[in-house]
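Chains as they are written, first to last, in our numbering: chain A, 378 to 588; chain B, 378 to 588.
One or more hints might be untrue.
Where chains are identical, the list cannot tell them apart; a pair therefore holds if satisfied intra-copy or between any two copies.
Unchecked claim - Result set (EDC-like, lysine to aspartate or glutamate): computed pairs, CA atoms no more than 20 angstroms apart in a straight line:
id, residue 1, residue 2
1, K508, D442
2, K571, E430
3, K446, E472
4, K501, E547
Treat the hints as calculated values from the structure; they're not laboratory data.
2 protein chains.
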Amino acid sequence: MRKNSKAAIMDAAIYLFNTKGFKGTSVRDIAARANVNAANISYYFQNKNGLLENCFTVFFEGYLDELEKGFSSLEYGSEYCLNQMLGNVVRYQCENIQLTRFILREMTIDSQIVREIMSTYHVKERYMFKKVLEAGMENGEFKKHSIQYTILQLKGLLQMPFLNTQYVTEVLHVLPHETYFADKYSHELSNWIKGILCTEQPSHRKILMTI
Amino acid sequence: MRKNSKAAIMDAAIYLFNTKGFKGTSVRDIAARANVNAANISYYFQNKNGLLENCFTVFFEGYLDELEKGFSSLEYGSEYCLNQMLGNVVRYQCENIQLTRFILREMTIDSQIVREIMSTYHVKERYMFKKVLEAGMENGEFKKHSIQYTILQLKGLLQMPFLNTQYVTEVLHVLPHETYFADKYSHELSNWIKGILCTEQPSHRKILMTI
Chain A
378 MRKNSKAAIM DAAIYLFNTK GFKGTSVRDI AARANVNAAN ISYYFQNKNG
428 LLENCFTVFF EGYLDELEKG FSSLEYGSEY CLNQMLGNVV RYQCENIQLT
478 RFILREMTID SQIVREIMST YHVKERYMFK KVLEAGMENG EFKKHSIQYT
528 ILQLKGLLQM PFLNTQYVTE VLHVLPHETY FADKYSHELS NWIKGILCTE
578 QPSHRKILMT I
Chain B
378 MRKNSKAAIM DAAIYLFNTK GFKGTSVRDI AARANVNAAN ISYYFQNKNG
428 LLENCFTVFF EGYLDELEKG FSSLEYGSEY CLNQMLGNVV RYQCENIQLT
478 RFILREMTID SQIVREIMST YHVKERYMFK KVLEAGMENG EFKKHSIQYT
528 ILQLKGLLQM PFLNTQYVTE VLHVLPHETY FADKYSHELS NWIKGILCTE
578 QPSHRKILMT I
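Make the full structure from the sequences, and use the hints.
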């Protein structure tokens with residue numbers, strides 16, 4: 378029972394933060410939408426800020442898990458590994474589309490919590506991307522690139538359809554909440570890896586080189 | 378004198394919207410920072426919403442101008458033209474980095490004004506990108522691609538460093554406000570066009586084909 382009401386509070390909060398903004402949402406609004414007593418919210422999250430922190434933590438713990446799962450396949454080659462990492466993140470963001478949108482928007486603001494998130498989760502993320510890119514450049518799978526600018530592009534591609542769902546849906550008529558989107562977009566990112574990062578060698582050679 | 382105070386009001390508003398948020402900023406705050414009387418703000422912009430609308434209009438008129446300038450070079454080939462369009466936008470966004478950041482963030486919210494902007498400026502933008510991409514696919518400069526997904530990637534790359542300045546500066550140590558950034562990033566986008574869109578032909582052949 379308690380577990381359900383915790384989840385219901387989170388869902389209600391994410392919905393309201395996305396539609397009315399964090400500042401425009403009161404604890405009372407959240408309680409009403411989640412159909413719980415406001416005291417429940419205090420019990421689980423203390424206050425609205427506690428809820429916000431929980432949103433960040435839940436999102437980034439899951440996000441980093443997905444990256445790490447992909448990263449653990451580095452021994453099979455950098456192209457393969459990067460494809461796994463990006464595919465996992467795209468699927469994760471599709472499955473948590475409301476939370477993702479809210480968090481990505483919050484991350485564009487200069488606040489204390491954003492600084493903390495960056496110095497923990499984003500630094501770990503950068504470490505993994507850097508390792509994969511460096512390994513690929515060393516073993517000849519990838520062309521020489523600026524690591525920073527490659528991560529910059531990667532991050533831009535990963536967030537675009539989730540942060541700008543309105544634009545993507547209404548101007549481009551691409552629907553990120555549809556089930557096929559994760560596959561389609563992962564395929565686009567896969568082409569990006571091939572076109573931007575990879576050297577011209579046929580892929581079976583690459584695998585041989587990493588063995 | 379009047380013109381200066383109008384510009385001062387805009388500058389103050391953009392700064393405060395970026396740091397305190399639109400809702401967290403009062404007309405009185407703006408007047409104080411711009412060192413003008415609050416009545417001046419009413420005179421030029423009616424109210425805070427008028428100021429917000431003006432921010433959108435100023436930004437997107439300039440943005441579209443830059444795209445159009447680039448678009449007018451389509452006769453010289455699609456790769457050349459797209460490079461001009463992207464280079465112009467990057468330079469424009471660098472020159473108006475505070476306004477760009479604010480507008481890009483506002484565009485992620487689902488509001489009446491955002492819908493209006495999308496149905497005018499973004500539809501025009503999509504039209505131009507579509508024309509350039511189609512022309513390139515027809516004359517053999519570009520490989521066959523989904524127009525929508527290509528625009529999706531393009532837009533993601535164009536906004537990333539300006540929307541996520543905090544992340545880009547503090548995690549990647551890339552400084553979008555430095556003067557060399559516009560050139561460096563335009564060069565990255567140029568590589569993106571080559572790696573993702575272009576067919577393998579040497580570029581002198583491409584130019585011959587379009588003549």
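Hint-by-hint comparison with the structure:
1. Proximity of K508 to D442 under the C-alpha cut-off of 20 angstroms is restricted to the intra-copy arrangement: shortest distance 17 angstroms within a copy versus 41 angstroms between copies.
2. In the homo-oligomer, the alpha carbons of K571 and E430 never lie at most 20 angstroms apart, since the shortest distance is 37 angstroms inside one protomer and 42 angstroms across protomers.
3. For the homomeric pair K446 and E472, the shortest alpha-carbon distance inside one copy (17 angstroms) is at most 20 angstroms, but the shortest distance between copies (40 angstroms) is not.
4. When the C-alpha separation of K501 and E547 is checked against a cutoff of 20 angstroms, the pair qualifies only between copies, where the shortest distance is 14 angstroms, while the shortest distance within a copy is 35 angstroms.
Hint 2 alone, counting from the list given before, is not met by this structure.
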